[in-house]
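Take the given structure of chain G and dock chain Z to it, following the hints.
Residue numbers (this note's numbering), protein chains in the order written: chain G, 1 to 304; chain Z, 1001 to 1441.
No false leads were mixed into what you were given.
In silico DSSO-like cross-links for lysine-lysine, where the CA-CA straight-line distance does not exceed 27 Å:
no.	chain 1	residue 1	chain 2	residue 2
1	Z	Lys1418	G	Lys22
2	G	Lys22	Z	Lys1387
3	Z	Lys1051	Z	Lys1032
4	Z	Lys1418	Z	Lys1387
Honestly, the hints are just simulated from the structure, not real lab data.
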Amino acid sequence: MEDSRLVLSPSPHVRDEDTTQKIMLTVVAALIPVWAAATYFFGFNSIRLVFVSIIAAVGSEAVFLALRRKPVTVWDGSALVTGMLLGLSLPPTLPTWMAVLGSFVAIVIGKQVFGGLGANPFNPALVGRAVLAASFTSQMTAWTMPFTDAVTSATPLVSGQASYAELFFGTVPGSLGETSALAILLGGVLLFYRGILDYRIPVGFIGTTAILSFVFGQDVVYQLLSGSLLFGAVFMATDMVTSPITPVGRWVFGVGCGLVLVVIRFWGSLPEGLTYSILVMNAFTPLINRWTRPRIYGQVVKQV
Amino acid sequence: MVNLKNFRGGVHPEYNKHITSDKPIKVLPAPKEVVIPLAQHAGAPAEPLVKKGDSVLLGQEIGSSAEPISAAVHTSVSGTVLAVEPRPSINGREVLSVVIENDGQDAKAPMTGHDDPIQLPREEIRKRIEAAGIVGLGGAAFPTAAKLSPPRGCKIEYLLINGSECEPYLTADQKLMEEYTEDVVLGAKLLAKACGAEKTIIAIEANKPEALRKMKALAGSNAIEVVALAVKYPAGGEKQLIKAVLNREVPAHGLPAQCGALVHNVGTAWAAAKACRHGQPLIERVITVTGDGVKAPANYLVRIGTPFRDIIAAAGGFAGEPGKVIAGGPMMGLAQFDLNVPIVKGVSGILVLSDKVANEFDPMPCIKCARCVDVCPVYLMPVTIEKYAMNAMWDEAEDYGAMDCIECGCCTYICPSKRALLSWIRLAKTEIVEAHSRHSS
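Only chain G is shown next, with the shape it has when bound in the complex (with noise of 0.2 Å):
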């Protein structure tokens, strides 16, 4: 005698409380402060171009949905996630236009081309700061003072004229979200704190940087805090989809980061590296997955 009001499904029969979703939103909570810090420096520019990158990422993500004829699924926050992280890595003054190209591009080119949430190879948000760094190069790199419109020339990475208060609080020239260290270590610490951000690849990226710049006789601290490391070690490089899955793959993929990000700042013609360092280890991450599978439950390690 069949009862049919009883549900039949295989085992496990509970499941955790987390949600893909969730995790989208709780990025999106770590970068409020970053968020706030860039508006306290950078004021209306701020609200400006993150919210015009939200809002031209999510709509991007919802045509071309719709286009693939596949559910619009913008509700899973990715979008959301992708629009504020390259918002918060654009100069304050960048045209408004641009903005929208950037998230257009991240999106549609950096993410829906390979298949939408979970498929993309590159850090959609880094794709489309690249297009836009490669497109507009004065415009992307024309930097303007805290708390005023003073266009000045470089900012502390390349002119070296920064205290470290100043780099850790963040009133230095420089991308929206990448100035106030502070900030970004909150944020960074709630993501870790949910089990969102793996030790392993802040760390990874950071210490080789910081190892690298002290055998290349550079000031260390200056190093770590100046330009976008801390920004893209915590919240662009952590990216779940475009990194490595196994635990020491993420190592490699973090000693990696950092090794191209000194490459390209010490001896490369750009004065940042951080966005090719990051787009580069992601193309390697399918192989360092299959070069770092972890050793089986029982499996005897070979003996050499």
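Leaving out everything else, chain Z in the frame of chain G:
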């Protein structure tokens, strides 16, 4: 808590043990009719020894097999055989079963006990355990006697008695350790003698302080060590228990004996004590009936063969609309669609989830968060095996260790995208086994 034994991986689901953890074991009266499947253990099914119309005595052997891996089956009531026919069982298949009408007399078949069974010779203990049809009561229902004879060339150094009960909701093992402490300890000693173990360790999750205290009080005087395990699922998995307690690993696709260990559940020890002391075969066991879908959750001592329907009725019936009825716990238990299925030796509980809790989930795309990799207690990459399984790439799935999966369900539990990782891995395992048998034939 100091020095809790732990292992890498695992998850922390809501344990929900408070529902029944302070409820003493109640003896559930035998039902009017029992249905006793002849295949309720791992290995070859037993052949029926009775036919329709036969009178049987309580504890009489009604099924046996000459195969090396099998277990005898006994009736849990006295009365008349109504039928020997296929009946629904908890794994969803019909299994040849003996249906017996209970005459209410509990007229016992002759049983040979021993006042001080630990004095019995080693081989005699093993024989009595075999004759009693004892199988692993933790869930896998592997015939105990077969497990007690270590394979050639293996020496059992450690006997681990598994009192972890890491499945959420279930409290049957806990109550057994609290109320039948002496039987469990005696059983542990008997099992140790039967397998020739040098040392016996009883491992209990730290969330059962009363069971730990009672076991320690009694075991301490018997040269048995009691250790506390970190509270984490699946602490009671055989491989995880060996890793946590002994820091050894069972060789891949091998047996625990190959690393000098043997694991038996506390319920199995209790059954072994009853078999050797009273000559009583395995005809009853302790189960937990629990969940938000049942009115009066409880721990029961029930006769093997009691239909789920009778047990749920005894526990006050459904509370509201039932969603799922699960044989076992929420992590590895089997969902049921027919409440006439009987309790068998390996079922440690009935979990009734209300329709509010028994959710179905729509999977979202994988975001490669790698939580499944982090929690896998055998260190697999579940997401990668899932991907290969979805693309019917069975060789690759095997290469990534699909056959090493213990089906604990941690990956599916933790997945934020609610993907059915374990279901895909199970499919891969089935396909791999089929491919191998095609290849060898």
